[in-house]
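Visitor: For the sequence shown, position 293 (counting from the first letter as 1) is numbered 408 according to my numbering, and the numbering increases by one without interruption.
Heads up, none of these hints are tricks.
Each computed DSS-like pair below joins lysine-lysine, with the alpha-carbon atoms no more than 27 Å apart:
#: 1; residue 1: Lys-233; residue 2: Lys-280
#: 2; residue 1: Lys-354; residue 2: Lys-369
#: 3; residue 1: Lys-369; residue 2: Lys-280
Honestly, the hints are just simulated from the structure, not real lab data.
None of these values were measured; they are calculated from a predicted model.
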Amino acid sequence: MPSTAASTVNPKVPTLLVGSVPLADSAAVFRAAARALGASATRLPDGETGRRSNWIAWQRSVFGAVSALVESDARERDYQLFPPFTLRPGNTLQDVRFGALGFAREALASWQTFRDLKATGDIAAPTRFQVALPTAWAPVYSFISYRWQRDIHPLYESALLAELKLITDSIPSDQLTLQWDVATEMSWWERVYPAPFSDIEAGVIDSVGRLLNAVPEGVELGLHLCYGSMNNRHWKEPKDTANLVAVANGLAAKLSRALDFVHLPVPQNRDDTDYFSPLQSLRLGRDCQLFLGLLHLEDGTDGALRRIRAAQRFTPAFGLACECGLGRRPPESIGHWLQLHADVAAKL
Numbered sequence: 116m117p118s119t120a121a122s123t124v125n126p127k128v129p130t131l132l133v134g135s136v137p138l139a140d141s142a143a144v145f146r147a148a149a150r151a152l153g154a155s156a157t158r159l160p161d162g163e164t165g166r167r168s169n170w171i172a173w174q175r176s177v178f179g180a181v182s183a184l185v186e187s188d189a190r191e192r193d194y195q196l197f198p199p200f201t202l203r204p205g206n207t208l209q210d211v212r213f214g215a216l217g218f219a220r221e222a223l224a225s226w227q228t229f230r231d232l233k234a235t236g237d238i239a240a241p242t243r244f245q246v247a248l249p250t251a252w253a254p255v256y257s258f259i260s261y262r263w264q265r266d267i268h269p270l271y272e273s274a275l276l277a278e279l280k281l282i283t284d285s286i287p288s289d290q291l292t293l294q295w296d297v298a299t300e301m302s303w304w305e306r307v308y309p310a311p312f313s314d315i316e317a318g319v320i321d322s323v324g325r326l327l328n329a330v331p332e333g334v335e336l337g338l339h340l341c342y343g344s345m346n347n348r349h350w351k352e353p354k355d356t357a358n359l360v361a362v363a364n365g366l367a368a369k370l371s372r373a374l375d376f377v378h379l380p381v382p383q384n385r386d387d388t389d390y391f392s393p394l395q396s397l398r399l400g401r402d403c404q405l406f407l408g409l410l411h412l413e414d415g416t417d418g419a420l421r422r423i424r425a426a427q428r429f430t431p432a433f434g435l436a437c438e439c440g441l442g443r444r445p446p447e448s449i450g451h452w453l454q455l456h457a458d459v460a461a462k463l
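Starting from the given sequences, assemble the full structure and let the hints guide the process.
Guide: And the structure:
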């Protein structure tokens, strides 16, 4: 039986893969991550490979399959992949019906692979299978015209919660981690793009909190706060971590169940105390892990250690991660990204 240990990894330093990893398939991702990260990663994603590699872009076909919707003529903002859909003339909202969204189908297929690799010892026995889902607002805001977003959001959210239920009903809770990806809502909180509600803070906390609370107890629950990575760039460079802390604290207070980890991004050029100082106001549960996405291949171990030293002044305990998923990175770079986790952990 092959060993799952990665001798260069410090198991006392937790590591997290945010989601996408552009390798050939889920088996390749599981094997590569398990070898590189060893016991430091207690949960592994399937890499969101193939058509899922560009986060929610693959959901466009779901909206395109709804006969009551039709694509409009032009994009409504930058940082939008395609012209959004609108209600087809002659149709009403009662005609908008979503079928399977595909998240459960993909997760259950990868779960079978994950389980098989556990049986052969390629993945360590305590490791959980990590599934990342976007909030319902993310695809709706990306693919539906502003005019119809508030009307169509509850319909898509209902379909998304059905996908979540199928996943949590099918995978043992002690084997599963569910991570919610919160990017669209951060753009509203930062006043980059117009929000669909007037009280932005309350709207974000209520809508995201509802999704977090839908994850059953026993399933690990994670939160990834994101500033976007389309073409490996943000829609805004954060001034500091203050808004990230405000969202994390607001959601933690809203929860009726445990929150197990929170991931916050750290831009490459931020190793200053101004960026990290709001972290001293972070109010997560005692058992909630904090992961800082401060690993950047561009400046490697030295850059990561500078950012770590700056962050430790305000929050001494945290795990290591990249700033976002790796899905838009060249596949040939993934070995280097994984090794960076091990190299930095070895220095701590």
